[in-house]
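Chemist: So the protein lines, in turn, are chains Z and U.
Residue numbers for the first sequence follow numbering that gives the first Met the number 0, so the first one is 0 and each next one is one higher.
Residue numbers for the second sequence follow numbering that gives the first Met the number 0, so the first one is 0 and each next one is one higher.
Among the hints, erroneous ones may be present.
Unchecked claim - Below are the SDA-like pairs computed for lysine to any residue, each with C-alpha atoms no more than 20 Å apart in a straight line:
id : chain 1 : residue 1 : chain 2 : residue 2
1  : U       : K13       : Z       : Q20
2  : Z       : K13       : U       : A23
3  : U       : K136      : U       : V163
4  : U       : K213      : U       : V192
5  : U       : K13       : Z       : L14
6  : Z       : K13       : U       : G323
7  : Z       : K13       : U       : K324
8  : Z       : K324      : U       : P177
9  : U       : K13       : Z       : F12
10 : Z       : K331      : Z       : R11
11 : Z       : K13       : U       : Q20
12 : Z       : K324      : U       : D29
13 : U       : K13       : Z       : R46
14 : U       : K13       : Z       : R11
15 : Z       : K331      : U       : G9
16 : Z       : K327      : Z       : I360
17 : U       : K136      : U       : N254
18 : Z       : K13       : U       : V30
19 : U       : K324      : Z       : D21
20 : Z       : K331      : U       : V195
21 : U       : K13       : Z       : D21
22 : Z       : K324      : U       : Q20
23 : Z       : K13       : U       : N246
24 : Z       : K13       : U       : V163
Unchecked claim - Computed footprint of chain U on chain Z; a stretch qualifies when at least three of its residues, placed anywhere within it, have a C-beta under 8 Å from a C-beta of chain U:
id : region
25 : 5-12
26 : 23-31
27 : 88-98
28 : 273-283
29 : 301-310
Stated by the list, open to error - Have a look at the derived ranges for each label pair, beta carbon to beta carbon:
id : chain 1 : residue 1 : chain 2 : residue 2 : range
30 : U       : S305      : Z       : L342      : 40 to 48 Å
31 : Z       : T18       : U       : R330      : 23 to 31 Å
32 : Z       : R42       : U       : R330      : 36 to 44 Å
33 : U       : R242      : Z       : L342      : 41 to 49 Å
Derived from the structure by calculation, the hints contain no laboratory data.
Just so it is clear, CB atoms sit at the ideal spot from N, CA and C, and this is done for glycine as well.
Protein chains: 2
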Amino acid sequence: MTHEAGIPFGIRFKLLSDTPQDSAAQVVSDVVVGDYRDLDTLRDFARGCDVITFDHEHVPTEHLRALEADGVPVRPGPDALVHAQDKGVMRAKLDAIGIPCPRHRIVSDPADVAAFAAEGEGFPVVLKTVRGGYDGKGVWVVDSAEEAAEPFKAGVPVLAEEKVDFVRELAANVVRSPHGQAVAYPVVESRQVNGVCDTVIAPAPDLDEELALKAEEMALTIAKELGVVGHLAVELFQTRDGRILVNELAMRPHNSGHWSMDGAITSQFANHVRAVLDLPLGDPRPRATWTVMVNVLGGDYPDMYSAYLHCMARDPQLKIHMYGKDVKPGRKVGHVNTYGDDLDDVLERARHAAGYLRGTITE
Amino acid sequence: MTHEAGIPFGIRFKLLSDTPQDSAAQVVSDVVVGDYRDLDTLRDFARGCDVITFDHEHVPTEHLRALEADGVPVRPGPDALVHAQDKGVMRAKLDAIGIPCPRHRIVSDPADVAAFAAEGEGFPVVLKTVRGGYDGKGVWVVDSAEEAAEPFKAGVPVLAEEKVDFVRELAANVVRSPHGQAVAYPVVESRQVNGVCDTVIAPAPDLDEELALKAEEMALTIAKELGVVGHLAVELFQTRDGRILVNELAMRPHNSGHWSMDGAITSQFANHVRAVLDLPLGDPRPRATWTVMVNVLGGDYPDMYSAYLHCMARDPQLKIHMYGKDVKPGRKVGHVNTYGDDLDDVLERARHAAGYLRGTITE
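Looking at chain Z on its own, in the form it has when it is part of the complex (with noise of 0.2 Å):
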């Protein structure tokens, strides 16, 4: 989807890819297959290339360091993308320049996640590995200390954080670029399902317009304090006492801003590419008055060419965005944005077509 928005810059991506098989190296002509955690081939590859930008974080921190060194423009640059890659550094950070976040604090064993647990609300507590989590993976809610010896067994810091009583989860995404140039997409509700983003509507209905803004100033506060380049989502719980606490940083393009490929001005991946090379940043405004991404996983249907006849002609609206994965069940294989003025409609038509798309759904 980064090419797809590089494309009318004139922009030639080169890509380092695990597989000829991933999504990107289908589509981008200069492919390098190797390995991200080498060094070697991380220094093979940047030669040649003006900047370099990510389509994921784990990328090791030291290694982009060396690349750095080397006079290699590195955008998000390491000092920024360790707080996307590390969750202790992350909260450290945020709590340093006084972002709201859930209580928390680094445990070093069950009886410390219990003492963790007594020094606040107790029980249920969320205990993450600093590195490595992602998609509700590295991630457990445990109800006592007897529950919490999974997690050090990776022999990962963890980090221990309240359960939040949350009403829903929101998303500010905003975009930065070298000189300091920044803006705020509209603040998102984000809809999981066993941990995974299942729904985004944009803008989040009926937010507060004070709460909105309050999210946007802080994303665009943490976009400059962690030196960020390119994209940041910022994750947050709107709680039931009216708060925003952030939850986790992404620093690329990210889920809860595929809706703007559709429902915005300028998609979160022209303006992530705009970023990166230093190009004055475009409009992130809605085009629509309700956008809403709905994400398609996979299910027992491998071919989805009829299921594409009978979603374009049920919606000939309808956005879909398939990233050329082998359909497994439950992998993210695509999206769909729609969009429109009755959010009702928008909702029902997303929904319909990711439904159909993964077989749950049959007429």
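With the hints as your guide, set chain U onto chain Z.
Modeler: Showing chain U alone in chain Z's frame:
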């Protein structure tokens, strides 16, 4: 731009390209460099393709017939495409199905041109080689038999046409799929400078609703009667006495439809891909009150980067589409789209950006 539109559907293109520098070859991953006039090259290329389509109409008709005989689906097929390749065949067919055209006939020599002039309103007369014309090439406007020698030198049949007294040029863009579904984009106004499309306004301002409907119906009729699959652009004259006459046909996404990339619910490229794959077509309606496309012609700057900075900073809503072509004076190297509610503003923004990128506007 067709590749860009195919990515969201997971469509992979294999490209036959004249050179590795061609615009599409810069962004498509599977590129074969070869000569589209060579049947063996075409046959080798076609192996493994599910369907073949085009971004120009110059592949020899007989080669396309050979591919079809080999069992390769070619869309649009040669029997349709010949009408966009040969203006003599096109005029004869449009006459046969009752579509109004400028007065015309094939002429054999300058004396015959004088006879053609005498049969109607006299000189000037427009002469066109029946094959190979493009952007004003292969077209002459002559004021006398003496001036009419040039077109006959190529040894290709020459078509004479009355010089139509038109108030403006319009274009009706439609897309048709193999099983006969068709959609019509709003009729646009197309402004030419030196025989080259300069500005397109969607929809055509102040166009009588009945005339607009008539133009759409004409284009749908042509698509059906000629068996077009994919995008069909019908270039039209709006005459001073209120008629609509067909000027040219193009069977591929067309310059007069570039506005749809940012201005329509479904772009011409997306609908072309959908039609060629026999998928249900997308909604062709506009997303904005007015959309304006202005072509970017090559100017004196070979490097567009600093021009990008200025244009993007001046107008964060501007949509730039560059083709990755080497900049040569007068060459189409890209286009810009703008949209909004105020036509004067939308026009000014598009013209300013295109002029600035070309270098004819410097502030």
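Chemist: Taking the hints in turn, state whether each one holds.
Modeler: Right, here's what the structure says about each hint:
| no. | hint | result |
| --- | --- | --- |
| 1 | U:K13 / Z:Q20 | holds (16 Å) |
| 2 | Z:K13 / U:A23 | holds (16 Å) |
| 3 | U:K136 / U:V163 | holds (18 Å) |
| 4 | U:K213 / U:V192 | violated (26 Å) |
| 5 | U:K13 / Z:L14 | holds (19 Å) |
| 6 | Z:K13 / U:G323 | holds (16 Å) |
| 7 | Z:K13 / U:K324 | holds (19 Å) |
| 8 | Z:K324 / U:P177 | violated (28 Å) |
| 9 | U:K13 / Z:F12 | holds (18 Å) |
| 10 | Z:K331 / Z:R11 | violated (26 Å) |
| 11 | Z:K13 / U:Q20 | holds (16 Å) |
| 12 | Z:K324 / U:D29 | holds (18 Å) |
| 13 | U:K13 / Z:R46 | violated (28 Å) |
| 14 | U:K13 / Z:R11 | holds (18 Å) |
| 15 | Z:K331 / U:G9 | holds (14 Å) |
| 16 | Z:K327 / Z:I360 | holds (17 Å) |
| 17 | U:K136 / U:N254 | holds (16 Å) |
| 18 | Z:K13 / U:V30 | holds (16 Å) |
| 19 | U:K324 / Z:D21 | violated (28 Å) |
| 20 | Z:K331 / U:V195 | violated (46 Å) |
| 21 | U:K13 / Z:D21 | holds (18 Å) |
| 22 | Z:K324 / U:Q20 | violated (29 Å) |
| 23 | Z:K13 / U:N246 | violated (43 Å) |
| 24 | Z:K13 / U:V163 | violated (51 Å) |
| 25 | 5-12 | holds (count 5) |
| 26 | 23-31 | holds (count 6) |
| 27 | 88-98 | violated (count 0) |
| 28 | 273-283 | holds (count 6) |
| 29 | 301-310 | holds (count 3) |
| 30 | U:S305 / Z:L342: 40 to 48 Å | holds (43 Å) |
| 31 | Z:T18 / U:R330: 23 to 31 Å | violated (39 Å) |
| 32 | Z:R42 / U:R330: 36 to 44 Å | holds (38 Å) |
| 33 | U:R242 / Z:L342: 41 to 49 Å | holds (46 Å) |
Of the hints listed earlier, those the structure fails to meet are numbers 4, 8, 10, 13, 19, 20, 22, 23, 24, 27 and 31, in rising order.
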